[in-house]
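**Student:** Okay, here's what each chain looks like letter by letter:
Protein chains: 2
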Amino acid sequence: MPLLFPDAPDAGAQSSHCAACHLAGTGCVLDLRDAPVRGRQTSFRIAQDNLIGCAFDSFVPGCEGDPDPDRTFAFYRSQAKANMLAAAGVNFPANGARAAFVSTDVQGPAWGKVAGDMYEILEAAALWNAAASWNQFMATGAWPASSTFEQPARSIATPMRRIAIVQLPRGYDSTRLLTPAARATYEAFQQSLEAHEMQLRLSSPDIVGLRIPDPMPAGYAQFMQPLADLSPFNLHRLQRAHADIEGTIEGRNFLFAIAVKTSTRSDRLYQPLFEANVLKFIIGFVLRGSVLRFHVHMEDFEGANVRGAYTAASLYSLMLGGDFARAVDHLYKAERPRDTAQAILNTLPEYAI
Amino acid sequence: MPLLFPDAPDAGAQSSHCAACHLAGTGCVLDLRDAPVRGRQTSFRIAQDNLIGCAFDSFVPGCEGDPDPDRTFAFYRSQAKANMLAAAGVNFPANGARAAFVSTDVQGPAWGKVAGDMYEILEAAALWNAAASWNQFMATGAWPASSTFEQPARSIATPMRRIAIVQLPRGYDSTRLLTPAARATYEAFQQSLEAHEMQLRLSSPDIVGLRIPDPMPAGYAQFMQPLADLSPFNLHRLQRAHADIEGTIEGRNFLFAIAVKTSTRSDRLYQPLFEANVLKFIIGFVLRGSVLRFHVHMEDFEGANVRGAYTAASLYSLMLGGDFARAVDHLYKAERPRDTAQAILNTLPEYAI
DNA sequence: AATACCACCGGTGATCGA
DNA sequence: TCGATCACCGGTGGTATT
Chain A
1 MPLLFPDAPD
11 AGAQSSHCAA
21 CHLAGTGCVL
31 DLRDAPVRGR
41 QTSFRIAQDN
51 LIGCAFDSFV
61 PGCEGDPDPD
71 RTFAFYRSQA
81 KANMLAAAGV
91 NFPANGARAA
101 FVSTDVQGPA
111 WGKVAGDMYE
121 ILEAAALWNA
131 AASWNQFMAT
141 GAWPASSTFE
151 QPARSIATPM
161 RRIAIVQLPR
171 GYDSTRLLTP
181 AARATYEAFQ
191 QSLEAHEMQL
201 RLSSPDIVGL
211 RIPDPMPAGY
221 AQFMQPLADL
231 SPFNLHRLQR
241 AHADIEGTIE
251 GRNFLFAIAV
261 KTSTRSDRLY
271 QPLFEANVLK
281 FIIGFVLRGS
291 VLRFHVHMED
301 FEGANVRGAY
311 TAASLYSLML
321 GGDFARAVDH
331 LYKAERPRDT
341 AQAILNTLPE
351 YAI
Chain B
1 MPLLFPDAPD
11 AGAQSSHCAA
21 CHLAGTGCVL
31 DLRDAPVRGR
41 QTSFRIAQDN
51 LIGCAFDSFV
61 PGCEGDPDPD
71 RTFAFYRSQA
81 KANMLAAAGV
91 NFPANGARAA
101 FVSTDVQGPA
111 WGKVAGDMYE
121 ILEAAALWNA
131 AASWNQFMAT
141 GAWPASSTFE
151 QPARSIATPM
161 RRIAIVQLPR
171 GYDSTRLLTP
181 AARATYEAFQ
191 QSLEAHEMQL
201 RLSSPDIVGL
211 RIPDPMPAGY
221 AQFMQPLADL
231 SPFNLHRLQR
241 AHADIEGTIE
251 GRNFLFAIAV
261 KTSTRSDRLY
271 QPLFEANVLK
281 FIIGFVLRGS
291 VLRFHVHMED
301 FEGANVRGAY
311 TAASLYSLML
321 GGDFARAVDH
331 LYKAERPRDT
341 AQAILNTLPE
351 YAI
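Which chain is which? The protein sequence lines are A and B, in order.
For the first sequence, my numbering begins at 1 and goes up steadily by one.
For the second sequence, my numbering begins at 1 and goes up steadily by one.
Just so you know, the hints here were simulated from the structure itself, not pulled from any lab data.
Just so you know, not all the hints are guaranteed correct.
Any copy will do: because identical chains look the same in the list, a pair fits if it lies in one copy or spans two.
Below, in silico cross-link-like pairs of lysine to any residue (SDA-like), each with a Cα-Cα straight-line distance of 20 Å or less [stated by the list, open to error]: (1) 333 <-> 250; (2) 113 <-> 82; (3) 333 <-> 95; (4) 81 <-> 244; (5) 333 <-> 51; (6) 261 <-> 332; (7) 261 <-> 89; (8) 81 <-> 267; (9) 261 <-> 93; (10) 81 <-> 179; (11) 113 <-> 308.
Bear in mind the structure is a predicted one, so any value in this text is a computation, not a measurement.
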């Protein structure tokens with residue numbers, strides 16, 4: 001069933017679908033008026049996972065199965081929002097003394113939060129699928145005919161060069177991906193800092209790109225196949241994949257990290273800059289890994305001098321002497337999931353083993 | 001005239017005062033309904049400078065003249081907000097087809113912005129006055145009797161140790177404070193970066209503490225006297241003082257920087273961390289100045305692991321080898337302007353010449 | 001079940017330069 | 001006068017830990 005509702009045959013189908021979904025407790029808008037969260041005024045909650053799982057339950061935007069894979073993130077997002085508002089209208093009419101749903105409850109900060117997470121999830125899903133096309137080519141020597149992505153120039157098929165692109169959850173310590181040996185080096189470093197009541201931890205990047213070890217540990221098999229959709233099952237797979245590959249990565253196999261934002265303000269630009277500096281320091285200096293690349297993907301560059309800010313030099317490179325390097329290697333205006341994933345795909349041949 | 005209105009004799013006084021202020025075009029709430037800002041929905045603007053200039057036109061919170069200098073930032077701020085809401089009620093009643101002022105226009109993000117700036121201004125003003133007490137002691141050997149601050153332990157009066165504490169404006173390049181010679185070193189560094197299309201600039205700290213050069217350039221005379229109030233004239237002096245001392249500071253006289261926040265979120269913690277790292281790198285490595293201290297002053301620690309995040313080690317100190325140091329040397333819960341200024345005052349004897 | 005935390009982003013008042 | 005930029009902060013859905 002297509003759940004970008006304007007693609008559905010009629011509005012009645014939406015009404016009955018949304019009513020059933022609400023009754024099943026999996027609606028995309030939840031009524032918190034009788035169960036308020038302590039210290040908050042929220043009267044209706046956007047059930048983010050349900051919303052995404054519903055709107056994208058039949059294809060991953062930009063990928064195989066998408067009727068028009070060249071649409072923008074903004075389009076997919078506004079479609080999901082329209083779905084949500086329609087569902088809430090169906091499920092929360094005025095009822096005696098109780099007022100009907102009003103959309104102001106799901107605008108403003110609430111929608112900003114959901115939209116930001118959705119952008120990150122859509123990008124991570126498209127990148128997963130792009131990596132799956134790449135990995136199939138690496139395994140078979142043939143680029144998958146059904147892929148919406150093109151084979152990157154100068155790509156040579158070898159199982160040694162398979163790649164996993166993984167979304168990391170909030171609060172994740174990305175060093176958990178490292179092999180025990182590499183992690184021990186990191187932990188020794190941390191302990192020397194903790195002796196002085198200090199630390200140097202990452203506020204984890206949104207998405208990381210990893211060289212799949214060879215031979216391939218079992219947890220990586222999933223990256224050989226694309227996600228067919230973002231139905232609840234696959235959404236859960238996308239967001240939990242990192243747990244399947246912990247303890248398997250050498251520092252040099254940490255190829256790139258991506259910070260993802262729909263928009264920014266000058267003050268909000270600096271979190272990725274700090275993160276990029278710390279990540280490069282830890283991977284480069286502590287773990288002696290090769291230099292990883294840090295990307296920032298942003299949908300909208302207005303409201304701050306984004307390009308200028310991200311020309312900041314990496315402190316690590318400055319103090320090493322020799323060649324300077326930027327902290328953020330590449331800034332990309334990510335407007336369409338397909339183009340964004342293709343852009344990352346095109347960089348994969350550049351990485352040395 | 002006391003303009004924390006609950007201290008005023010009666011509500012009528014407020015009404016006539018606010019009506020006159022509005023007619024004079026200096027009201028604390030402006031009607032933008034007939035002159036909308038392009039691309040914004042704002043119907044009423046909080047005239048931040050007018051609001052502060054009015055509410056604090058007879059004393060600086062926490063300082064001489066404050067009837068109760070131990071009140072909290074939260075108190076002064078809520079008083080200013082009450083003034084604002086009352087003034088808007090007086091000046092924007094329903095008028096024919098035009099609806100009355102509604103307070104939702106000045107809640108949410110608008111008030112967040114104003115409250116944040118007000119917090120920074122109140123702290124900067126209290127610190128200015130604490131430094132003035134210090135400087136009078138340095139000049140005369142006697143701690144000013146009228147000061148609300150106490151003489152720090154182990155302080156020794158010498159004109160060599162006078163201090164200026166200055167608020168910096170948005171977007172300011174704090175290296176403009178440096179002497180031409182020091183600035184040339186910095187500019188040479190920048191040019192070598194620019195040759196590679198990079199830079200390493202500061203998103204300026206909110207407040208800086210500087211050793212006043214000896215002999216004292218003319219622009220510093222203002223720091224010998226406290227600000228009597230935050231009337232528009234003195235508010236302007238506070239926010240423009242930095243322009244009077246440009247080109248006078250050696251790197252080693254850059255004693256400390258303070259980042260000021262009322263509250264935070266985990267992502268918003270990282271801008272000061274990046275800034276602290278860059279500032280320490282530039283002052284320490286590029287300018288060979290002594291090590292400056294970076295403070296974070298925050299009113300409310302809830303909503304993020306603030307203490308943990310600010311135990312991050314300085315990348316500069318890690319790469320130098322030798323002793324580690326934190327990027328943020330000191331995190332302080334700044335709830336009261338008087339206590340906050342006293343806390344900074346108590347650190348002044350620690351700085352070597 | 002409750003709590004703390006995480007990282008999401010958009011609406012802002014003022015300034016500065018065209 | 002206008003547009004671009006700056007740095008302000010609070011409400012949020014989900015997760016992990018009590």
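**Student:** Decide, hint by hint, whether the structure agrees.
**Tutor:** Going down the list of hints, with the structure as the test:
1. For a Cα distance limit of 20 Å, the shortest separation of residue 333 from residue 250 qualifies neither inside one copy, at 30 Å, nor across copies, at 41 Å.
2. In this homomeric assembly, residue 113 and residue 82 come within 20 Å of each other (Cα to Cα) only inside a single copy, at 16 Å, whereas the closest approach across copies is 30 Å.
3. In this homomeric assembly, residue 333 and residue 95 never come within 20 Å of each other (Cα to Cα): the closest approach is 45 Å inside a single copy and 47 Å across copies.
4. Taking the shortest Cα distances, residue 81 and residue 244 never come within 20 Å of each other, neither inside one copy (32 Å) nor across copies (52 Å).
5. Neither within a single protomer nor between protomers do residue 333 and residue 51 lie at most 20 Å apart by alpha-carbon distance, with minima of 25 Å and 40 Å respectively.
6. In the homo-oligomer, the alpha carbons of residue 261 and residue 332 lie at most 20 Å apart inside one protomer (11 Å), although the nearest pairing across protomers, at 31 Å, exceeds that limit.
7. For a Cα distance limit of 20 Å, the shortest separation of residue 261 from residue 89 qualifies neither inside one copy, at 30 Å, nor across copies, at 39 Å.
8. In the homo-oligomer, the alpha carbons of residue 81 and residue 267 never lie at most 20 Å apart, since the shortest distance is 27 Å inside one protomer and 25 Å across protomers.
9. With identical chains, the CA atoms of residue 261 and residue 93 are never at most 20 Å apart, being 35 Å at best within one copy and 42 Å at best between copies.
10. In the homo-oligomer, the alpha carbons of residue 81 and residue 179 never lie at most 20 Å apart, since the shortest distance is 41 Å inside one protomer and 55 Å across protomers.
11. Taking the closest pair of Cα atoms, residue 113 and residue 308 never come within 20 Å of each other, the shortest separation being 26 Å inside a single copy and 24 Å across copies.
Hint compliance for this structure: hints 1, 3, 4, 5, 7, 8, 9, 10 and 11 are not met, and every other hint is.
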